[in-house]
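Colleague: What follows is each chain in one-letter form.
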Amino acid sequence: MDFLKKSTGHAVVLEEPPSFENSRPGAVGTDLPSLDVPRIDPQKIYKKTRSKKARLPELSEPEVMRHFTRMSTWNYAIDLGIYPLGSCTMKYNPRLNEEIARSGELSEAHPYDPIAWSQGHLRVMWELTEDLKGVTGMPGVSLQPAAGAHGELTGLMLVAAYHKAKGRQRKTILTADTAHGTNPASAALAGFQIVQIATGEDGVIHPEALAAVLNDDIAALMTTNPNTLGIFEKNIQTIADMLHERDALLYIDGANLNAVLGLSRPGDFGADVIQFNLHKTFSTPHGGGGPGSGPIAVSERLVPFLPIPRLEKKGEQIVLVDDTPQSIGRVKAFYGNYGMFIRAWCYIRALGGEGLRAVSENAILNANYMRSQLKDVLNLPINAPTLHEVVFNDRNQRETNLDTTKIAKRLIDYGMHPMTVHFPLCVKSAIMIEPTETESRSEMDRFVNAVKEILSTPNVEQAPTRVFRERVDETKAARELRLTYRFKD
Amino acid sequence: MNNYPKELHYTKEHEWIRVDGTDGVVGITSFAIEQLGDVVHLELPKVGSKFKAGESFGTIESTKTVSDLYMPAAGTVTEVNTSLTQAPEDIAQDPHGKNWLIKVSLEGTPGNLMTSDQYMKYIAEEANH
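Those protein sequence lines, which keep their order, are chains X and A. So that you can map any letter, position 248 of the first sequence is 248 in the working numbering, and since no number is skipped, the others follow by simple counting. So that you can map any letter, position 93 of the second sequence is 93 in the working numbering, and since no number is skipped, the others follow by simple counting.
No wet-lab data here; the hints were simulated from the structure. Keep in mind that a hint or two might mislead.
[Unchecked claim] No farther apart than 27 Å at their CA atoms in a straight line, the calculated lysine-lysine pairs in the DSSO-like style are these:
| hint | chain 1 | residue 1 | chain 2 | residue 2 |
| --- | --- | --- | --- | --- |
| 1 | X | K133 | X | K164 |
| 2 | A | K46 | A | K12 |
| 3 | X | K476 | X | K428 |
| 4 | A | K121 | A | K46 |
| 5 | X | K332 | X | K406 |
| 6 | X | K428 | A | K64 |
| 7 | X | K314 | X | K133 |
| 8 | X | K428 | A | K121 |
| 9 | X | K171 | A | K46 |
| 10 | X | K476 | A | K121 |
| 11 | X | K164 | X | K6 |
| 12 | X | K375 | A | K98 |
| 13 | X | K428 | A | K12 |
| 14 | X | K5 | X | K375 |
| 15 | X | K406 | A | K64 |
| 16 | X | K375 | X | K428 |
| 17 | A | K50 | X | K171 |
| 18 | A | K98 | A | K46 |
| 19 | X | K406 | X | K6 |
| 20 | A | K52 | X | K476 |
| 21 | A | K64 | A | K121 |
| 22 | X | K332 | X | K133 |
| 23 | X | K5 | X | K428 |
| 24 | A | K12 | X | K452 |
| 25 | X | K234 | X | K375 |
| 26 | A | K103 | A | K52 |
| 27 | A | K12 | A | K121 |
| 28 | X | K234 | X | K476 |
| 29 | A | K52 | X | K171 |
| 30 | A | K98 | A | K121 |
| 31 | A | K12 | A | K98 |
| 32 | X | K52 | X | K6 |
| 33 | X | K406 | X | K375 |
[As the list claims (entries may be wrong)] A few chain X residues that don't get close to chain A, going by computed Cβ distances all over 10 Å:
| hint | residue |
| --- | --- |
| 34 | R66 |
| 35 | F68 |
| 36 | K171 |
| 37 | N215 |
| 38 | K332 |
| 39 | L365 |
| 40 | V421 |
Think of the CB as a built atom: it goes at the ideal place given N, C-alpha and C, for glycine as much as any other residue.
Could you put together the complete structure from these sequences and hints?
Modeller: Written out as C-alpha cells, the structure reads:
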C-alpha cells in the first residue's frame, strides 16, 4: 500500500446532479436583444410542432460552466497519465498539431471554395497522400474514409469490385483469431461471410492453416500485422504468395502500423489494401475527441477501383478528378475529414522519415520494457518477440483471489487507466498492455509499481474504492442502460 | 463442484444436448458460464430456423465478451426458452436443467459429441491453458 499512498492523494471532489435538477425557471446564460420583428406562431407555418414545450434545463452561464467543469474532474485522460490500452494506441497528441489545425487559414476552408483558391489545402492532401504511399510502399491512396472501420469497409468494397471486374463473386473473407474485432464486423457489413483461422502456439498464422481453408471462394484474407498479440506475422510473405496464386487478396489492418514505421512496408510483403487509423499512428484525436480518419492504401491491382474524386497533379496545379469508370464511387461527402489530414501531415513533417522510425522503435522499446518488468509476476502465455504491445494473463494469480478484472479495477485506485482486458479472445483472461512511444520510463515505472503492489496485496474485492464513482454494477449497466433524463413528475 | 449429468452430451464449444428420440434440448454448460462471467444478453433463433451441426444459432454476451452458440447436432428449432431471453442472468442457476436454450427436432443421429466423463477431462485441460 506504500506506493498507493505515495503516488495518489485524497481530494474533495464536487458532486453534481443532472442539469435538469439544477434548473430554475427564467435563468438564462445569454442576453438576446429584444424582438424587433413580428412574432410568428410556428404552428401556423409548420405542419408538425411539439404539442408540449421541451423541458430544457434553465441555468445561468456560470452554472453551466461549473456543471461541466465539475464533471470533467471525475474524468481520466491521456493528459493526466498513462493510458495503456493495448490494441487502442492511446498516445499523447502533440499540441503543435492542434495549434496549426485550428489556425483560421486552415480551419475556415470551405469545400465549395474554387479549386484555384484551395491549392494550399490540396497540397496538404497531396503531400499526405505521397507520405502514406511512402510509409506503406503501396502505389494508390484515398484519404476519404471517415474512420478506421470505414477504411476497412471501403477496402473490402474494393476487394469485391476487383473480383466483380474479373466476372466472379467470391463470398468468403478469412480472418485470423488475432485480428482486430472490427475485421470480421467490416467483412460482414460488406456482405461477405467470415471464416476464422486459428493462429499457432507461437501466436502467428501458419501457411498450413491457410492451406486448409484456401479455395476459389476466398476473396481475401484480412488480418492485423503486427497482430493483437503484438507479434509480427513472420509468415506473411508466404501467406501473400499463397493468396495471390488463387487470385485472392491480402487485407492488412493498419491499426498497429505504429509498430513498423520505417521498419516494414506492407507493400513489400504483398499487401493489397491497408487502412490507416490516423489517430493511432499519426496522432489525430482519439475516441470522443474525433472526428476520425481512415485513409487506405492499395496495391496496383486495386488502384482502378479507388473512390472518387482523386487528387491529381496537372503541371503545378493539383486537381480533383472523377473520370475513373471502374471506381466504387464516393464513400464520403467532399474529400474526407480534412482537419485530421492537417494534424497527420504536421506530425509526419515534424518528425520526418527518421523520426517516424524512431516512433516505432520507441513504441517497441517501451512495450519490451513493460514486458521485462512484469514477466516475473504475470504469466506470458505466448513467448514470442514483442513489438508495440504485450499480452499477459492471470494464470499466476489462480491460487489467489485476484483475476484480470480485479487487477484492472484496482489500477483505477492508483489513478491510472487500466490496460485492455479479456482481449484478444485467443488468450484466456488476457491482460494487454501498450504503453506507446510517448510514455517516459518514470511513467511506466509508476504503472509497474502499481501492478506489483496490487499483486502483493490481494484484497481488492470492491475496487475501485478511492475514486469518485466506485465499483459499478456492470451487468445492470449493460442491461438497463439509461441515456436520457427521466423527470420525476 | 460442478455436476455434468451423464444423460447429456457435450461439445468442445461447451454446449450440451439432451437427446430423446428425434427431440433434442440444447443448453450451455456451467463451465462456459463460469468463464463468461455475468451474462447480460442472449440472442436466440426463431422457432422454425434450421441449423447444421456446428453452425452458430445465437450469441451470448457477458460483461467480458460476446460468444457464438453452436449447434451440437443438425435440426430445426421447435421451442425457445423465452423466459431466459427476458432475464439472461438467470442462466447461472441450473444451466443443465430448467435454463435450457432451445428445443430442436433432430435430423439424423447426433455424432462427434463427448460424454460427461470425457467433457470433464476436456475442461480440466482447458482450465490449465
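Colleague: Hints first: check each against the structure and report whether it holds.
Modeller: Comparing the hints with the structure gives:
For the hint pairing X:K133 with X:K164, the CA-to-CA distance comes to about 26 Å; that is within 27 Å, so the pair holds. As the CA atoms of A:K46 and A:K12 are separated by approximately 24 Å, the hinted pair is consistent with the 27 Å bound. Of the pairs offered as hints, the one joining X:K476 and X:K428 holds, with about 24 Å between alpha carbons and a cut-off of 27 Å not exceeded. The hinted pair formed by A:K121 and A:K46 fails the criterion: a straight-line CA distance of about 34 Å is larger than 27 Å.
This hinted pair does not check out: X:K332 and X:K406 have alpha carbons roughly 42 Å apart, beyond 27 Å. This hinted pair checks out: X:K428 and A:K64 have alpha carbons roughly 11 Å apart, not beyond 27 Å. With a C-alpha separation of about 19 Å, the suggested pairing of X:K314 with X:K133 holds against the 27 Å cut-off. At most 27 Å may separate the alpha-carbon atoms for a hinted pair to count; X:K428 and A:K121 meet this at roughly 18 Å.
About 25 Å separates the Cα atoms of X:K171 and A:K46, which keeps this hinted pair within 27 Å; it holds. Restraint check for X:K476 and A:K121: not satisfied, since their Cα atoms lie roughly 35 Å apart, outside the 27 Å limit. Restraint check for X:K164 and X:K6: the C-alpha separation of about 63 Å exceeds 27 Å, so the hint is violated. Restraint check for X:K375 and A:K98: not satisfied, since their Cα atoms lie roughly 44 Å apart, outside the 27 Å limit.
Taking the CA atoms of X:K428 and A:K12, the gap is near 16 Å; set against the 27 Å cutoff, the hint holds. Restraint check for X:K5 and X:K375: the C-alpha separation of about 25 Å stays at or below 27 Å, so the hint holds. Pair hint X:K406 plus A:K64 holds up; C-alpha atoms about 12 Å apart against a cutoff of 27 Å. Proximity of X:K375 to X:K428 is assessed by CA-CA distance (about 17 Å); at most 27 Å being required, the pair is judged to hold.
About 21 Å separates the Cα atoms of A:K50 and X:K171, which keeps this hinted pair within 27 Å; it holds. Our distance criterion of 27 Å between C-alpha atoms is met by A:K98 and A:K46, whose separation comes to about 19 Å. Between X:K406 and X:K6 the alpha-carbon distance is near 21 Å, which keeps this suggested pair within the 27 Å criterion. The suggested pairing of A:K52 with X:K476 is violated, with an alpha-carbon distance near 34 Å, which exceeds 27 Å.
A hinted pair counts as satisfied when its Cα atoms are at most 27 Å apart, and A:K64 with A:K121 qualifies at roughly 25 Å. A distance of roughly 21 Å separates the Cα atoms of X:K332 and X:K133; the hinted pair therefore holds under the 27 Å criterion. Of the supplied pair hints, the one linking X:K5 and X:K428 is violated, its CA atoms being roughly 32 Å apart against a limit of 27 Å. For the hint linking A:K12 to X:K452, the alpha-carbon distance of about 36 Å lies beyond 27 Å, and the restraint is violated.
For the hint linking X:K234 to X:K375, the alpha-carbon distance of about 23 Å falls within 27 Å, and the restraint holds. Of the supplied pair hints, the one linking A:K103 and A:K52 holds, its CA atoms being roughly 14 Å apart against a limit of 27 Å. Annotation: proposed proximity of A:K12 to A:K121 holds, straight-line Cα distance about 11 Å (limit 27 Å). Using a Cα cut-off of 27 Å, the hinted pair X:K234 and X:K476 is violated, with the two alpha carbons roughly 43 Å apart.
For the hint linking A:K52 to X:K171, the alpha-carbon distance of about 19 Å falls within 27 Å, and the restraint holds. Of the pairs offered as hints, the one joining A:K98 and A:K121 holds, with about 25 Å between alpha carbons and a cut-off of 27 Å not exceeded. Pair hint A:K12 plus A:K98 holds up; C-alpha atoms about 22 Å apart against a cutoff of 27 Å. Restraint check for X:K52 and X:K6: the C-alpha separation of about 55 Å exceeds 27 Å, so the hint is violated.
A distance of roughly 19 Å separates the Cα atoms of X:K406 and X:K375; the hinted pair therefore holds under the 27 Å criterion. Look at X:R66: its CB is around 34 Å from the nearest CB on chain A, clear of 10 Å, so calling it non-interface holds up. Consistency note on X:F68: stated as away from chain A, and its beta-carbon is indeed over 10 Å from all of that chain's, at 29 Å minimum. With a least CB separation of 16 Å from chain A, X:K171 remains clear of the 10 Å interface cut-off, as annotated.
A cut-off of 10 Å between C-beta atoms confirms that X:N215 is not in contact with chain A; the least separation is 18 Å. Interface exclusion of X:K332 from chain A stands, the closest Cβ pair being 29 Å apart, more than 10 Å. At roughly 30 Å from the closest C-beta of chain A, the C-beta of X:L365 stays outside 10 Å, upholding its exclusion from the interface. Once the 10 Å rule is applied to beta carbons, X:V421 is inconsistent with being away from chain A; the minimum gap is 8 Å.
Checked against the numbered hints given earlier, the structure breaks hints 4, 5, 10, 11, 12, 20, 23, 24, 28, 32 and 40 and satisfies all the rest.
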